[in-house]
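**Student:** Numbering of the sequence shown is given in my numbering, commencing with residue 17 and proceeding in unit increments.
Check before you lean on any hint, since a few could be wrong.
Here are the computed lysine-lysine pairs in the DSS-like style, where the Cα-Cα straight-line distance is at most 30 Å [stated by the list, open to error]: (1) 258 <-> 308; (2) 88 <-> 115; (3) 238 <-> 307; (4) 411 <-> 468; (5) 180 <-> 238.
Hints were generated in silico from the structure; no laboratory data involved.
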Amino acid sequence: RVKRGWVWNQFFVVEEYTGTEPLYVGKIHSDSDEGDGSIKYTISGEGAGTIFLIDEITGDIHATERLDREQKTFYTLRAQARDRQTDQLLEPESEFIIKVQDINDSEPRFLEGPYIGSVAELSPIGTSVMQVMASDADDPTYGSSARVVYSVLEGEQHFSVDSKTGVIRTAVSDLDRETQDRYEVVIRATDMAGQLGGLSGSTTVTIVVTDVNDNPPRFPQKMYQFSIVETAPVGTAIGRVKADDSDVGENTDMMYQVKDEEGVEMFKVTTDSNTQEAVITVQKPLDYESKKVHTVVVEALNKFVDPRFMDLGTFRDQTIVRVSVLDVDEPPEFRPPSDLMEVQEDAHVGSVVGVVTALDPDTANHPVRYAIDRSTDVDRIFDIDANTGAIVTGKVLDRETAGWHNITVLAMEADNHSQVSRASLRIRILDVNDNPPELATPYEAAVCEDAKPGQLIQTISVVDRDEPQSGHHFYFTLAPEATNNHHFSLLDIKDNTAAVHTQRVGFNRQEQDVYLLPILVVDSGPPALSSTGTLTIRVCGWGGSGAIQSCNSTAFVVSATLSPGALIALLVCILILVVLVLLILTLKRHHKSHLTSEDDEDMRDNVIKYNDEGGGEQDTEAYDMSALRSLYDFSEIKGGDGGGGPGEGVLSRNTASELRALPQWVQSPDLDFSVFRDYICRKVEQADEDLSVPPYDSFQTYAFEGLDSPMPSLSSINTWSSGSEQDFSYLGGWGPRFRQLAALY
Numbered sequence: 017r018v019k020r021g022w023v024w025n026q027f028f029v030v031e032e033y034t035g036t037e038p039l040y041v042g043k044i045h046s047d048s049d050e051g052d053g054s055i056k057y058t059i060s061g062e063g064a065g066t067i068f069l070i071d072e073i074t075g076d077i078h079a080t081e082r083l084d085r086e087q088k089t090f091y092t093l094r095a096q097a098r099d100r101q102t103d104q105l106l107e108p109e110s111e112f113i114i115k116v117q118d119i120n121d122s123e124p125r126f127l128e129g130p131y132i133g134s135v136a137e138l139s140p141i142g143t144s145v146m147q148v149m150a151s152d153a154d155d156p157t158y159g160s161s162a163r164v165v166y167s168v169l170e171g172e173q174h175f176s177v178d179s180k181t182g183v184i185r186t187a188v189s190d191l192d193r194e195t196q197d198r199y200e201v202v203i204r205a206t207d208m209a210g211q212l213g214g215l216s217g218s219t220t221v222t223i224v225v226t227d228v229n230d231n232p233p234r235f236p237q238k239m240y241q242f243s244i245v246e247t248a249p250v251g252t253a254i255g256r257v258k259a260d261d262s263d264v265g266e267n268t269d270m271m272y273q274v275k276d277e278e279g280v281e282m283f284k285v286t287t288d289s290n291t292q293e294a295v296i297t298v299q300k301p302l303d304y305e306s307k308k309v310h311t312v313v314v315e316a317l318n319k320f321v322d323p324r325f326m327d328l329g330t331f332r333d334q335t336i337v338r339v340s341v342l343d344v345d346e347p348p349e350f351r352p353p354s355d356l357m358e359v360q361e362d363a364h365v366g367s368v369v370g371v372v373t374a375l376d377p378d379t380a381n382h383p384v385r386y387a388i389d390r391s392t393d394v395d396r397i398f399d400i401d402a403n404t405g406a407i408v409t410g411k412v413l414d415r416e417t418a419g420w421h422n423i424t425v426l427a428m429e430a431d432n433h434s435q436v437s438r439a440s441l442r443i444r445i446l447d448v449n450d451n452p453p454e455l456a457t458p459y460e461a462a463v464c465e466d467a468k469p470g471q472l473i474q475t476i477s478v479v480d481r482d483e484p485q486s487g488h489h490f491y492f493t494l495a496p497e498a499t500n501n502h503h504f505s506l507l508d509i510k511d512n513t514a515a516v517h518t519q520r521v522g523f524n525r526q527e528q529d530v531y532l533l534p535i536l537v538v539d540s541g542p543p544a545l546s547s548t549g550t551l552t553i554r555v556c557g558w559g560g561s562g563a564i565q566s567c568n569s570t571a572f573v574v575s576a577t578l579s580p581g582a583l584i585a586l587l588v589c590i591l592i593l594v595v596l597v598l599l600i601l602t603l604k605r606h607h608k609s610h611l612t613s614e615d616d617e618d619m620r621d622n623v624i625k626y627n628d629e630g631g632g633e634q635d636t637e638a639y640d641m642s643a644l645r646s647l648y649d650f651s652e653i654k655g656g657d658g659g660g661g662p663g664e665g666v667l668s669r670n671t672a673s674e675l676r677a678l679p680q681w682v683q684s685p686d687l688d689f690s691v692f693r694d695y696i697c698r699k700v701e702q703a704d705e706d707l708s709v710p711p712y713d714s715f716q717t718y719a720f721e722g723l724d725s726p727m728p729s730l731s732s733i734n735t736w737s738s739g740s741e742q743d744f745s746y747l748g749g750w751g752p753r754f755r756q757l758a759a760l761y
């Protein structure tokens, strides 16, 4: 038995059909079809009934519309064969595909444009610049419709392109950015592998030539001229020069330097990093009289040199800068610039200390006049000759008072006092021996009554205000009036000190308790000067241990000096005691003021409010009732119950009677708090009946005013039973404490 089934070939349809008749696609056929027209063929799916139509009897399929493979490459449909009479399927429904056959109808397109590439100038031939790619929408698996080749339409003199890969390369090695820094190259892409009849597309590629350091700096001029006044201070800018460089970016960064020795000494060249200019400045003071014109050789060189282009030449250039110095009227100059003079302190008034000299540096050489800046010599100790510059003493000098003098000497042109120069002058006063030596202190010594001969009792030294260049050397001896002294001896130790020794056995304080020993001191001069000083020696008692007990009444006054640490400790202790005393006084005053304020506090101000809810009548821990009971002791409480029936009138009468019957406070050990309980209970009942009371718990403390109060009660309870106006003007006489209350009423 032969199995029935569908019979058809692969279906294809050519795209872009332009005919007027429907395009035949193919035929579907069932092997059960005997050609009698009993089978009806139908199709369904993509484009069925619109793009594709089928003959129900023959099964021929035609395309009625123009197809585009680039939009849709195939269509999926389903075929059915039914009995024309019963409409039953004779074959299982089958799926088939109609493929759209490609033709070369799409040209290559450059989708990633515009293209911009770059290449360094002077790059060798074949240097890769960039790659371009074109896309063809045709079927790459069918024929050569999508095979693209590349070629150069414009710019082939400088660039080439790989026909297969689209890589653009340099075609020459002499690309010069300074000549042309941008090229527009047109690249064409052709399909069909470039064969005749292929479609093509093109794009423009912009190629930027980047810079390399292939150009040296060049000065546009071989000589520059500048001028500057001779008084220009060091660091003054004279002018600017700049070397040109055809390169760009960092390839134009330059350094400038001075090449000749004269220029290096007098001038300095720096580079302005912003403008790449050479800034020429003064490095040493200029002098028109010495040299009127200076010639400076300035060299410019690239900071970054590419070694690949060293064969192109030296990347540096030089130029000459002529600097003309302009003459100005300058103040006199001191020559030589010595700033130290010396004079003996015993020089007479009018003695010459020294001579200062100043000359006019200008060609005119004007005469110079001299003066002393009196702000530096207020006491006019020195004078100066206005014509010669000789400095003389104006007063008697004293080295011990002032050993140095600093004065300022002025030199000015005789006919133009505005041209002034200043020179600081130090004058040293040389010492002469004009002060005799003196004992260093008023020496006092003590000797025991049992002292032995030769016992050292005092070493003395002297002071001298003079300062001889060879140093001090003093001689000691007893004064002539002490030559008959047999009690003490003086020994010159030869080191500018002397020692006093006892010369007898024992002393009697009862006979003589004080000895005055005159000592003659002589310096080494010249001339030798001397003075006499007195050493006071007291005779003191002797203790068993060998210590001096007393030297008359003054022996009991002991001169003791405390160490710095002990003094600091003592001061700290005193300071702590003062602080403690002040603190105690402050606390007492604060405590006293606090007690006074508590005593003056009115009992009616002791109202304690809290919003904590208690546990009801059984809660005895919510508040300490002893706080209320301890405020006062009540001995006798008088109250009256007004009685009465229900109603507002009864309430008013009860309240009024309670306020009139205030008790008197008296100390009593037997306290009855029942009246307070009853009083508070009545207040609670009144509060419960009052609808205007806020809906929260409140604890109120009531204080009685006492009997026979001179002032009536201020409570508003008294006014419940009366609607008449009351006069509260008397509140104004109660003082400042009730002023606010009076204002409220």
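**Student:** Could you grab the alpha-carbon distance between residue 238 and residue 307 and see if it respects the 30 Å cut-off?
**Tutor:** Roughly 23 Å separates the two Cα atoms, so the pair holds.
**Student:** Below or equal to 30 Å on CA atoms is what counts here, so check residue 88 against residue 115.
**Tutor:** holds, 9 Å
**Student:** Does residue 238 lie within 30 Å of residue 180 when you go C-alpha to C-alpha?
**Tutor:** violated, 55 Å
**Student:** Hey, residue 411 versus residue 468, does the alpha-carbon distance stay inside 30 Å?
**Tutor:** violated, 57 Å
**Student:** Within a Cα-Cα threshold of 30 Å, do residue 258 and residue 308 meet the stated pairing?
**Tutor:** With a Cα-Cα distance of about 25 Å, the restraint between residue 258 and residue 308 holds, given a limit of 30 Å.
Violation of the numbered hints given earlier is confined to hints 4, 5; the remaining hints are satisfied by the structure.
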